[in-house]
Amino acid sequence: MGTLTHKGCATLSRSPLIPFSPSFVSSPKNFSSSAAHALLNLSLYRYQKSQSCSSLSIKVQCRPSQRYLCYLGYSTKSSGVGTNSIFQASCLQHPFKNWQEERKDRLTASTFGGAIGFWPGRRVQLWLEKLGAVEPFTNNFATCWSNIKVKDALDRYELITGNNVSITKFHQYDIKNPHDSWLGCSPDGVVYRATYGLPSSGVLLIKCPFFNGEKQRSYPWSRIPLYCMPQAQGLMEISDMEWMDLYCWTLNGSSLFRLYRDQNYWELMKEALSDFWWKHVQPAKDLCSQCPVKDPRFEMKSLKPAPRHELCGDIVYFSKCLVDNSELLIREVHGKLQI
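Residue numbers for the sequence shown follow UniProt numbering, so the first one is 1 and each next one is one higher.
Hints listed in this document are in silico derivations from the structure and should not be mistaken for laboratory results.
All values reported here derive from a predicted model rather than from experimental measurement.
Be a bit skeptical, because a hint or two may be false.
To be verified - BS3-like mimics (lysine-lysine), calculated; alpha carbons at most 30 Å apart, straight line:
no.	residue 1	residue 2
1	K336	K151
2	K215	K270
3	K104	K336
4	K336	K320
5	K320	K149
6	K304	K336
7	K279	K320
8	K336	K294
Unchecked claim - Okay, the calculated beta carbon distance ranges per label pair:
no.	residue 1	residue 2	range
9	S302	N177	37 to 47 Å
10	P307	W278	17 to 27 Å
11	Y192	E299	47 to 57 Å
12	E158	L287	16 to 26 Å
13	S222	P283	11 to 21 Å
14	Q338	E271	36 to 46 Å
15	G132	R258	34 to 44 Å
Idealized CB from N, CA, C, for every residue including glycine.
Model the full assembly from the supplied sequences, consistent with the hints where possible.
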């Protein structure tokens, strides 16, 4: 039985019966669901864990770096295997969201926080993506984890609430003004429930946090993270729904929050989003269409957005107020109801 060790991170044991081929890993179509899960699990846990992956038996002794995902090919340079080829495996994609074309020329709710400046560097990166100067973000470990677990989360949500969920289409925000079609969103579903005998519908947002792959930290939220609020309020506004169920699913339990649409928050946020789109993205796209631009960061420096919008601080504070006013309806850990 041959072994492979990479910088003391992990030991891989290969089956002598079926030789390993790096080209197998480099082709997403070759991944079965169980194989993809095993590859993803290589970065999921710091404690010792074994998984089987086709012809490989993988024993993880501590958490490898993401760079090691070129793994299994023994050499990044020789195999040509990278993280992107793994992340693009069909079994690691979202089971019912495939709206890349609709999202390409729009700001969608999941990017609102980045467009405002909630994360360092993300605002400029998003600007470059919308110009087509860099590849748009697709998947990483956290999003792949969410993609493969969202169906489990949806089933659990329906079980504990009794609500019916309908998978919905991509929403374009042109209800009130066609000029706003540059905004869009993709909810995880529309929730139907009876309130005092009358039907009521809201929007569902599912979160399956990754916790850096540390199972011992993988417990459901008791409070909504501030960075979720731009997406949540954007989903309600663009979907034209008055309330939302935000459901957090983890390996060790889940929690359910109720949020309500806030028009004042939306108007403040939309001002920041409009500035990002109409003062930075659209003028830069117009210039790119007139003449080739090699490096927008230098050639269109005057149009490059600042790391944070000037309203970012106000929006963060407003987000905290809405989080404080949200309702924690259910929190369960290891099957035991806490709230």
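Hint by hint, here is what the structure shows:
Pair hint K336 plus K151 holds up; C-alpha atoms about 21 Å apart against a cutoff of 30 Å. Between K215 and K270, the direct Cα distance comes to roughly 37 Å. Violation of the 30 Å bound is thereby established for this hinted pair. For the given pair, K104 sits about 42 Å from K336 by alpha-carbon distance, which is inconsistent with the 30 Å threshold. Taking the CA atoms of K336 and K320, the gap is near 29 Å; set against the 30 Å cutoff, the hint holds.
As the CA atoms of K320 and K149 are separated by approximately 28 Å, the hinted pair is consistent with the 30 Å bound. Straight-line distance between C-alpha atoms of K304 and K336 comes to about 50 Å, which puts the hinted pair past the 30 Å bound. Restraint check: the Cα-Cα separation between K279 and K320 comes to about 27 Å, which is no more than 30 Å; the hinted pair holds. Between K336 and K294, the direct Cα distance comes to roughly 57 Å. Violation of the 30 Å bound is thereby established for this hinted pair.
At about 28 Å, the beta-carbon gap between S302 and N177 misses the expected band of 37 to 47 Å. Range check, P307 to W278: Cβ separation about 19 Å, and the 17 to 27 Å hint holds. Look at Y192 against E299: about 51 Å separates their beta carbons, and that is inside 47 to 57 Å. Under the hint 16 to 26 Å, the C-beta atoms of E158 and L287, about 49 Å apart, miss the expected range.
Between S222 and P283 the beta carbon distance is about 43 Å. The supplied range of 11 to 21 Å is therefore violated. For Q338 and E271, the Cβ-Cβ distance of about 39 Å falls inside the hinted range of 36 to 46 Å, so the restraint holds. Our hint of 34 to 44 Å for G132 and R258 holds, since their Cβ atoms are close to 39 Å apart.
Of the numbered hints stated above, those contradicted by the structure are hints 2, 3, 6, 8, 9, 12 and 13, listed in ascending order.
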